[in-house]
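*Asks:* The residues making up each chain are set out below.
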Amino acid sequence: MPEVGAREAIDLETEREFRESVRHFVDSTYPLSSVRASIDRSADYDLTAWAQATSDLQVAGLHLSEEVGGEGQGLGVTGIVFEEFGRSLVPSPLLGTVGLACTTLASIADIDHERFIAPLLSGDATATVAWMSENGTWDPRDTPAVVSGVGDDLHVSGTLDLVIDGACVDTVFVVARTLSPESGLILVAVDTTDAGFTARPLDSLDLTRRLARIELANASCVQIGGSDETKTIDAALLAATTLLCYESAGAARRAMEMSVEYAKIRYQFGRPIGSFQAIKHACADMLARVELISAICVDAAQELTWGDVTAAATVHAAKAFVSDAFFSVASETIQVHGGIGFTWEHDSHLFFRRAKSSELMFGDAGAHRALIAQAEGWRS
Amino acid sequence: MNDHVQEFRERARAWLEAHATQRVKRSLPPESGVSDAVGNDIEGARARQRSLAEAGLAGIMWPEQYGGAGLGVDERLAFDSEAAQFSTGLAVFDVAMNLVGPTLLAHGTEEQKRSHLPAILRGDEIWCQLFSEPGAGSDLASLSTRADLRNDGWHVNGQKVWTSGAVHSAFAILIARTDFEAPKHRGLTYFVVDMAAPGVTVRPLRQMTGDSHFAEVFLDDVVLPLESVVGEIGDGWSVVRTTLSNERVSIGGEPGVEAAQLIGLAREGHHGSVEMDSALVDAIADLHVRNRVLKALEHRTTANTAAGAQPGPEASIFKLEYAALQKIGNDLALRILGPAGLLQGSDAPLDGAWQRNLLTSPYLRIAGGTDEIQRNVIAERILGLPADKDDNRRQPFNQLVRG
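So the protein lines, in turn, are chains A and D.
Position 34 of the first sequence, counting from 1, maps to 34 under the numbering used here, and the rest follow consecutively.
Position 163 of the second sequence, counting from 1, maps to 163 under the numbering used here, and the rest follow consecutively.
The following block holds chain A by itself, in its conformation from the complex:
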C-alpha cells in the first residue's frame, strides 16, 4: 500500500469547486421537485438537460482516456458527478450511458471511438450494457445472449432482463458468447431500431430508475473488441459498481440532511424532536454511516484508478458496506419523519426505493462478502 505522500495530495480546493459546479447544475436543472414531477408523468428522460450535462460538465468523458476523447481524470472525479446526481435522485442516462457503456467501451483496445464513444460523450446518443438473464445472477459470465454468423454479418439472440435504461437508449451493448463452447465473453452493439430488438419497460421499484426486459430475436449486431473481453467487462463492472456506490453516497447524505432538518423544525411535547436523544442519536448514526460510505467510495475509486492489486477487494467491500448502509439511512429517514415520512407526497420513499434498488443492483452485501471470502480462500 503506497504511503501517504507517495500519491498526489488531494487538492481539496479544486475538488470542492468542481463539486459546487456540479451541484449548481443539478439544483438548477434537476431539482428534487422536478424529479417527482417526472415520476408522476412517467416521462422519458429529459434529453435536453442531458445534452447540457454532457456539454457543460463533460459528465460522460471525465474518467475516459484522452485517446478516446475523454478528460483523462481519475474515476473519483466522475464519482463526484454520480454523488451529486444521486443527491437529487436525478433520473438520467448517467448510470447506463456513463457508468456502464462509456466505462466499458473506453477499456476496449482499438475501438472505433469516433463511431461508438463520441456520440455518447457529446450527448447526441445514449446507451447501456446488458448481460442479465431472467432469474440470473449479476455475473456477466451467465449471459444468455448468443451471437451467430461471421464477419460483418452477426446476429444476437436471447432474453436480457433488468437492463438499465434498456427501453430508452439508442444502443444496447450486449455481453454475449458465440456458439463455440469455449467462447469467452464478447461485446456486441445492437441498434435499438433493429427489427430483432424489442424492449419492454419494467415497473421498477425505484421510480427514478428505468429498467427493461429485452428480447433479441436474431438482431443485427456489430462486434466491439476481441474474441475474449472478459477482463474488460469485469473491470468495467467494478468501475460501474464504484460509481453506483458514489451515487448512493450522495443520496444517503441528502436523506440524512432531510432528517436533521426535520428534527430541528418538528415540535412535539413542546420542543424540537431533535432535542430528544433517541432522534439525536439516530441522526448521529446516520451521519456516521454517510461519512463511512463516502470514505470507502474514495478508496475504491483511487485503487481502481491506480490499478492496485487490492482494487477488486476494495470495490467488493465498498458495495457490501454501501448496500446496507444507504438502505439503513433511508429507512431511518422515514422513521425520523414519522407519519409524514410514510406518505406518497413526501420524498422519503423515493430515497427508500432508490436505496433498496441500489442495494440489490450489481449484487447485494452478501453477494459481495461471498466474493471477498472466495478471493481470500475462506471456505466453509
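Quick caveat, the hints were computed from the structure, so don't treat them as lab data.
None of the values given here were measured: they were computed from a predicted structure.
Using N, Cα and C, we set each Cβ at its ideal position, and we do this for glycine too.
Don't take every hint at face value.
[To be verified] A partial selection of chain D residues facing chain A, derived with a Cβ cut-off under 10 Å:
1. A260
2. A279
3. E298
4. T301
5. G312
6. L320
7. R375
8. A379
9. E380
10. G384
11. L385
Let chain A serve as the given structure and place chain D on it in line with the hints.
*Replies:* What follows is chain D alone, placed relative to chain A:
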C-alpha cells in the same frame, strides 16, 4: 514525493526495526492497552523512549526548543504509518506524550514547558490524568475535587478515579474546582501535580479482567505551588477541552481484531471449536468489510489533515465504529471457540487471550467519551441539533443536584 519526508520515513523504519517488535498476525487478539502488562518493564520502556528521542523521532511536531523534532504533519504521518506494523512498548508514556505534551504546548507557561517537555520526550517523566471522579464521568464538569488558595499555595482535596498508570507516575494533570459559586464549567482550574507530594494516595482499581491498569487517587490536603496552574485560574475548562480533544484521537490507535486472525483461529481447530460454516464465514467477511471501511475513514482523515483542513466528526465516528467492531470481533472469536469459551486463563485455548480481550473491550465504548456522548457530540456540534434540555450549566455549582 518530498525527499526529506522519505529520508525521515527511512530513519523511522530503521529505528523501529532495531528497537520495536514486529506485530505478528496470528490467531491471537491484538494486545490490550489497558492491561497490567503495560506497566511491565518500565526501565525497558524508558530506555526505548530515550533512544527514540535521541534518534530525533520523539515529539515529531513539538518545537525544537523543547526537545522536539520541529517537523510537520507529513513526517508525523510517515512515522505513524511505519509504526503501525510494530509494537513499541511505549504505552506507559501515552498520557504524557499524547495528552500532557499538547496541552502544555498550547496552554503552559514557559517554565512548565521547559521543565517538563524535554523530560517527557526522554522518558524521564511518566504522567497520569486526574480528571474523572466517582461523581463526575460523562458530566466531567460537575466534578467536586476542590482547590483552595491559601498563603502557602493551593490546597487540594478530593478523589479521582480511572487514572491510567497512576502507580508509575511522577506527575499528573489535574482539574479541580476553585470557584463553587460559578456555573460548573466556569469555576475550574487546571494544575500540574507532583505525585510524590504528601497527601497523594494511589489505590489500584481492579477492572473486570482482573487486571489493575487504573487507580483511584485520593488527594488529602495536597499543597500545590502557585506555579502549578496551567492557563488561567477559573478557565480550566478551556484547557481540559484541549486535553480531551487529543484523548478522543488516541483511543482506537491500537490495532483491532482482524478477519485473518479469526480465520486462523477457526482453522487451528482448538478443542471444542465450531465448524466454519457459511454463516460464520459471512460474519467474518462482514467484519473484514467494516474494518476496510474504517481504514478508508483513516485515509480520508489523514488526507484532510495533510491538506490542512479543519477536523470534522471523523474522530467521534472512528471511535464509535472502532469500539463496535471490537465487540463484534471478540464475540466472533468466542463463537469460534465454542464451549471452550466457558473457560479462561491457562485452562482455555491460547491461554485465554481471547477471553481477556472479550472482558477488556467493553471499556472502549465507555472511556474517552462514551458512545452516547460521542453521538451527542456529533448530533449537537456537527449536525446542530438542539442540546439536551435539562442542562444545569447555568446554575451556580453549589445549587446543583448531584448523585
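*Asks:* Does each hint fit the structure? Answer for all of them.
*Replies:* Structure-based check of all given hints:
1. A cut of 10 Å between beta carbons decides the hint on A260 of chain D: the least distance to chain A is about 8 Å, and the hint holds.
2. Given the 10 Å rule on beta carbons, the hint for A279 of chain D holds: about 8 Å separates it from the nearest Cβ of chain A.
3. This hint holds: E298 of chain D has a C-beta 8 Å from the nearest C-beta of chain A, less than the 10 Å allowed.
4. Given the 10 Å rule on beta carbons, the hint for T301 of chain D holds: about 9 Å separates it from the nearest Cβ of chain A.
5. Taken as an interface hint, G312 of chain D checks out: its beta carbon lies about 8 Å from the nearest beta carbon of chain A, inside 10 Å.
6. Checking L320 of chain D against chain A: minimum C-beta separation of about 6 Å stays under 10 Å; hint holds.
7. For R375 of chain D, the shortest C-beta to C-beta distance to chain A is roughly 4 Å, which falls under 10 Å, so the interface hint holds.
8. For A379 of chain D, the interface hint holds, the least distance from its beta-carbon to any beta-carbon of chain A being 4 Å, beneath 10 Å.
9. Interface hint status for E380 of chain D: upheld, as the beta-carbon distance to the closest one in chain A is roughly 7 Å, under 10 Å.
10. Checking G384 of chain D against chain A: minimum C-beta separation of about 7 Å stays under 10 Å; hint holds.
11. Given hint, L385 of chain D at the interface with chain A, holds; its Cβ is 4 Å from that chain's nearest Cβ, closer than 10 Å.
Checked against the numbered hints listed earlier, the structure breaks none of them; every hint is satisfied.
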